[in-house]
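J.: What follows is each chain in one-letter form.
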Amino acid sequence: MSKKRDDNLYRGFYTKEVLSTFQHPRNYGRIKNADGIGRVGNIVCGDVMWLYIKVGRNKKGEEIIKDIKFETFGCVAAIATSSTITDLVKGKTIKEALRITKDEIIKSLGGLPKIKYHCSVLAIDALTEAIYDYYVKNKKKIPLFLEKRHKTIQKSKEIIEEKYKKWLDSPEIKE
Amino acid sequence: MTKKKIYLDYAATTPLDKRVLKAMMPYFGEDFGNSMSLHSFGQRAKIALENSRKIVADSINAKLSEIIFTASATESNNFALKGIAFANRGKGNHIIISSIEHPCIIETAGWLEKQGFKITKIKVDKYGLVKPKDLWQAITEKTILVSIIHASNEIGTIQPIAKIGEICHQKGIYFHTDASQSFGKIPIDVRRMKIDLLTASSHKIYGPKGAAILFVREDVKIDPLLHGGGQEGGLRGSTVNVPAVVGFAKAVEIYQKERGKENERIIKLRDYLIKRILSIKGAFLNGHPTQRLPNIVNVWFSGLEGESLVMQLDFYGIACSTGSACSSLKLEPSHVLLAIGLKPQEAHGSLRISLGRWTTKKEIDYLLKVLPSIVKKLREVSPFKYE
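Residue numbers (our numbering), protein chains in the order written: chain A, 3 to 177; chain B, 308 to 694.
Calculated from the structure, these hints are not laboratory results.
Where is the CB? At the ideal position from N, CA and C, for every residue including glycine.
Honestly, I wouldn't trust all of these hints.
As the list claims (entries may be wrong) - Short, incomplete list of chain B residues facing chain A, as computed with Cβ under 7 Å:
| hint | residue |
| --- | --- |
| 1 | Glu-612 |
| 2 | Glu-614 |
| 3 | Ser-615 |
| 4 | Met-618 |
| 5 | Phe-622 |
| 6 | Pro-651 |
| 7 | Gln-652 |
| 8 | His-655 |
| 9 | Val-688 |
| 10 | Ser-689 |
| 11 | Pro-690 |
| 12 | Phe-691 |
Chain A extracted, bound-state conformation (with noise of 0.2 Å):
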């Protein structure tokens, strides 16, 4: 019955990197009339990332991320991974940006530790629903995997909300 053991509790705890990210975070704030946004997280667990995007066109007409901010409300990782996906997806077109995992997100703060690994998987699904949120609002055809994406992160959202249902009824955490 002993616990999988994790070699990264006897190193630093947090890379240079995610430090200075979340010292000097890029791109939080809100975006007003934003055309997608993606809301993930559960206050209960400590962590809840909203991410909001401004979609345009590059030269050769494609969708591109053309801005995107996030609000946090977590810990060092959740902020440093909020700032990187940000960093990492503007500009790039929709469809790049889809592509973007929670591994790159890690290479790009040099590491995080294993039980911090959920913040960059968070950053993922908050770009997913962002971009399935404008999908939505402008009446495109959303690709199956999309569509499943999207599925499974409203699902995890469920589970949680469920066994969390006593705290959540709360007034005080509305937005």
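Guided by the hints, dock chain B onto chain A, whose structure is given.
T.: Same frame as chain A, but now just chain B:
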């Protein structure tokens, strides 16, 4: 950004007092003997050990044979729970603890549960106080031990320990208290407070790490945790760490002399800090307003998360914590803050500031100067603004 370092995490651990270090030094070198050896080297170590025992015993009105030196408060707490549980199985299998114990009590109790013991966790009120009535109700015919933390390591609330001791005494149930945070800082009299077992630690009171005690009243039936060569009255095998024990005793001695003055100074700083910090919008005090340790302040801030706050303060050279140092790797909010009725999102935003012997008003003022802007910045990053 400033380079100066401000330590405000004295509840996690304290630096060694120079006087303590000086007292310890001979026992690393010339007086290195094993206290169990018969020759003169051993005798000198034995004398140092027993002198230390007397200082520690006197400080809580215990007898010499009732003080068992251990290597950590965690060990003492494991020893108390497991030792009582297994030695008194014939009498019963029920143990009562509070919902705001240190993880080493909770985890030990959880392990005992797997061995067939029954554990009841009694609740606390919004200040973190155990209600004697709840204790009465939890006691059954099978109850063999009650273990309640003397003062909370997270929120600093001090329990009405003498009242709890009286109840256990009336019922003929052993009473253990984890006094890791309170020992030295507030007076303890194990006889007057009717305490049967008590855990105290050296490194919380400017002594070295690696020394602690379990006080066990002389007629208490307990099994050893570490079986071995007969040290500590046969109750704790291991070569005694004499330098650490000597340092521990020196630290106790200093506190005995200086407690009054030191507490007066620290309480003044604490109350000043609390008053000023609560003037920040969306800041709330955790724990009892007055019935609290002289040195622990715990607050929560709406709309932000504690780890981020701790790390932002660290950039300014200020060391605080979110709760207990042991929980910094856990993702769940503090069980203590949940037990006093905070919602998880509130508990996530908590900050523990603990003052100590070398904390100055200047340091507190520096914290108060940078804290509002850090709170503001984190709320700017957060989707939850505090209006």
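J.: Evaluate each hint against the coordinates.
T.: Hint check results:
{"no.": "1", "hint": "Glu-612", "in the structure": "holds (5 Å)"}
{"no.": "2", "hint": "Glu-614", "in the structure": "holds (4 Å)"}
{"no.": "3", "hint": "Ser-615", "in the structure": "holds (6 Å)"}
{"no.": "4", "hint": "Met-618", "in the structure": "holds (5 Å)"}
{"no.": "5", "hint": "Phe-622", "in the structure": "holds (6 Å)"}
{"no.": "6", "hint": "Pro-651", "in the structure": "holds (4 Å)"}
{"no.": "7", "hint": "Gln-652", "in the structure": "holds (4 Å)"}
{"no.": "8", "hint": "His-655", "in the structure": "holds (4 Å)"}
{"no.": "9", "hint": "Val-688", "in the structure": "holds (5 Å)"}
{"no.": "10", "hint": "Ser-689", "in the structure": "holds (4 Å)"}
{"no.": "11", "hint": "Pro-690", "in the structure": "holds (4 Å)"}
{"no.": "12", "hint": "Phe-691", "in the structure": "holds (6 Å)"}
The structure fails none of the hints (numbered hints given earlier).
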